[in-house]
Each structure stands twice: as C-alpha cells, then as structure tokens.
Amino acid sequence: EAGVAQSPRYKIIEKRQSVAFWCNPISGHATLYWYQQILGQGPKLLIQFQNNGVVDDSQLPKDRFSAERLKGVDSTLKIQPAKLEDSAVYLCASSTSGGMTETQYFGPGTRLLVL
Amino acid sequence: RKEVEQDPGPFNVPEGATVAFNCTYSNSASQSFFWYRQDCRKEPKLLMSVYSSGNEDGRFTAQLNRASQYISLLIRDSKLSDSATYLCVVIPNSGYSTLTFGKGTMLLVSP
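Residue numbers (my numbering), protein chains in the order written: chain A, 1 to 115; chain B, 1001 to 1111.
Don't take each hint at face value.
[Unchecked claim] Restraint-style ranges between C-beta atoms, simulated for each label pair:
id, chain 1, residue 1, chain 2, residue 2, range
1, A, N51, B, R1066, 41 to 49 Å
2, B, A1017, A, Q50, 38 to 46 Å
3, B, P1111, A, L70, 49 to 57 Å
No lab work stands behind these hints: they were computed from the structure. All C-beta atoms, glycine included, are put in the ideal place defined by N, C-alpha and C.
From just these sequences and the hints, can you work out the full model?
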C-alpha cells in the first residue's frame, strides 16, 4: 500500500516570497492533517480536514497560511508571504476517518528554509 | 505549563541496557495517549498506543498513570536500531483527533 506522498521534499525561498506544498494521502483516508515541525520541537497541528471540510484550524496563522482540500483527496498548504520563523518541516498525515484511536500515517515531509 | 512535557535527553545507553522515559501532560481530560518514534530526518511513526491497564509489545512497555498525569515507556534489551527520538503524544480534547506532541526524548544506543 502506498504511503502519504508529499512534494517538494525541499524548498529554499527568501522571506516575503510565497510557497506551496502538496500532499496526497493514503487512498481511502478521509482525514488529512498538516503539521509544522520546527527543529528541536514536536510536530504541531496546523489544520485538519475531514473529506474536504475543515475540522480544526485553530493553530493555523491565517494571515499568511492557507490550505485547501478541494475534492477530498489531495491537499495544498500555502504560505504567503513567508517569514524566517516559518523555516520548518511541514508534515502531512492521514487517517481512515479521524477517530481518536486511529493511527495517523505521516508523509516524509517538506523541509522549508526561509532566508 | 506546556501541554506535554518530556526530558529531551539525550539518553546514552549501551546495547542491552534497559531505559525508561517519562512524559507528563497538563489536561486531565485527555483521552488518548501514544508513543511515536522519529528517526533522524524522517517522519514520526506510531510505536504504540498507551492504555490505562498498561501494554507491552515485545521489548517495549508503556504505562499510563491518570492520577499523576504521566505516561512512561520502558525499553528492555536496547538495540542499536532503537536509537531515535521518542515522542510522547496526547489527544487532549474529546471529539477531535488532534495529536499534541511533546518535544521528544532522544535515545542513543552505543555498541
């Protein structure tokens, strides 16, 4: 079974530029998550989708971050404009239906460096 | 107080040693608890869920103490391949499956 796919794997941009990340979850998984992991920290949830609806985006900095999952499958996360403190690994995860005891499967992440 | 707190380590142990990690959480209403493992520059992967009755998976034993709000992970007979960061994870709110991660504890197993 294919895992969670993410692209690009690495991205270097200058501050104030825009960047977008793509995620393809495991086939059939209704729930998709975006996490931000800053070096030396644990991942922090940015947004959770159930199919194409947002369940939780309370920690998403909405002045610069946006995310969508238009057809309930793939998702994109965008940062516009980027700040130095956005340098992190952006992890996408998916689970079957979002139940609290379900395993969340993570993709390899996109490493973003903002200069 | 942070939601999930862990000693960042690193814990340096020789092969064959037994090592234990603890983690505390602040929300007494937390519903679910897990240990995830993260290898260097890799994504987190579920190691095991943590149940109130305690659970064991081979060399790994996890325990939950709700009264004191802490979770533990015991690794027996450490292997070189156990070297990784161990992330304590809590789901704090009922109704959401949002994982709240600790910063992780780094384990280094040496020959």
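Now the hints, each set against the structure:
1. Distance hint check: the CB atoms of N51/A and R1066/B are about 33 Å apart, inconsistent with the given range 41 to 49 Å.
2. Between A1017/B and Q50/A, the C-beta spacing of about 43 Å keeps the proposed range 38 to 46 Å intact.
3. As the Cβ distance of P1111/B to L70/A is approximately 51 Å, the hint placing it in 49 to 57 Å holds.
Checked against the numbered hints above, the structure violates only hint 1.
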